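Chains A and B, in that order, give the protein sequences.
With the numbering used here, letter number 114 in the first sequence gets 114, and the count goes up by one each step, no holes.
With the numbering used here, letter number 111 in the second sequence gets 111, and the count goes up by one each step, no holes.
Hints in this document: simulated from the structure, not taken from any laboratory.
Please read these numbers as outputs of a predicted model, since none were measured by experiment.
Glycine is no exception: its CB is placed at the ideal position from the N, C-alpha and C atoms.
Treat the hints with care, as some may be off.
[Unchecked claim] Some chain B residues near chain A, calculated using beta-carbon distances under 7 Å:
hint, residue
1, Ile12
2, Ile19
3, Ile42
4, Met45
5, Leu50
6, Arg121
7, Asp124
8, His125
9, Tyr164
10, Glu183
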Amino acid sequence: MESLDDEGQWIVLMGVVVATGMFILAIIINQAPMVGQSTAEAVLEFPKNEIQDIRYHLAPIAQLDANTTGLIDKENKMRADMQALSMARNNAVMDFDIDRNTGFEDLFYQYNRLDIHYNNGVTTYDEEYSVPVRL
Amino acid sequence: MVMNDEGQLYTIEGITAGIIMLLTAYVVFSTGFVFTPGDAHIADMQLQQLGYDALLVMDTPGSIEDDKSRLQELIMTNDQAAFKDEFNMLLQKGTGTTYMDDPAGFIIDERTQWNATIYYRDTDHDNLLHSYAFGNSTRGGEFVTREPEISVTRYVHLSGEPSYLPVDVRNIMDNREQMVLLEVLLWRA
């Protein structure tokens, strides 16, 4: 190593810095499409809108007074309709239970419990929803 | 024999630079630049959310005094022409930041095609599901060939049997309070 020319080391160093920078940028470009795709797949896979739709239609039923005439019949028909439609068109098993005598209440509301069960083979979802009813 | 050991740093630098360039080239070429069928997920997700949102908007009552949503009204009167107009309008709305065909109405996207069907359960004949068509977009009825579609659905609560139904549907459908399922197939033409 007696006559190593050590001039121009800044140039060499800048070369390494620029090359490393390009490498990191390339990694970022490489990851970007993967992020978009896996996010989209995750969103498509979870049936968020179906579950929200089910809850949207069941909450008003859960708010009905326990003494409403024909309540059980109405509930059973709705359950049968939704189960058949859900199985046929969304490939999902769904069921629900409504408890109107939970005993939970505060000054203004009593809370009925709505249990939603949903399973489409990929997503299993169970929810306990406390539906407020104005006292 | 005396080995010439000058310029060793240059040799190491050359090898390092070569490795970095090879790695960079590898990473760049393995990047998913090509829009593969797998990437269609992204467009599908956006289209699916758009469809669900449009149906949710239509199935929300206009005010707290309204006990019926617009979608319930349209299904109860079997008003397919009005459904087509209003559903199309919701699908075609843009933010105003992209190219607009109609700046006043913020209409940007006229490519999305759809075909709607209503499914209902019959209890007094065969206890099976039946269906009837509930309209389609301008080119949504042509089923000879088209892009792959995605499905969006919405339960709709009906207080009875819709009026103005075709005779064969009217004969089967129950006249009772019931849940039906509106299924819309959406695709970009």
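Restraint check, 7 Å cut-off on beta carbons, for Ile19/B near chain A = violated, 10 Å
query = Is the hint on Arg121/B kept, meaning its closest Cβ partner in chain A is under 7 Å away?
reply = Since the shortest Cβ distance to chain A is 5 Å, the answer is holds.
Hint check: 7 Å Cβ-Cβ cutoff, His125/B to chain A = Where the cut-off is 7 Å and the nearest Cβ of chain A is about 14 Å from His125/B, the hint is violated.
message = Quick check on the hint: Glu183/B CB to chain A CB, less than 7 Å?
response = Given a least distance of 6 Å, the restraint on Glu183/B holds.
Satisfaction of the Ile12/B interface hint, Cβ to chain A closer than 7 Å = It is violated, given that the least Cβ distance between Ile12/B and chain A is near 10 Å, above 7 Å.
request  = Closer than 7 Å between Cβ atoms is the bar; does Tyr164/B clear it against chain A? Give me holds or violated.
outcome  = violated, 22 Å
task = Have a go at the Met45/B hint: is there a Cβ in chain A nearer than 7 Å to its own Cβ?
result = Cβ of Met45/B sits 4 Å from chain A, so the hint holds.
key: Per-residue hint verdict: Leu50/B, partner chain A, C-beta under 7 Å   = violated, 11 Å
request  = Could you check if Ile42/B really has its C-beta closer than 7 Å to a C-beta on chain A?
outcome  = holds, 4 Å
query = Is the shortest C-beta separation between Asp124/B and chain A less than 7 Å?
reply = Check failed: Cβ of Asp124/B comes no nearer than 12 Å to chain A, outside 7 Å.
The structure fails to meet hints 1, 2, 5, 7, 8 and 9 from the earlier list, while all remaining hints are met.
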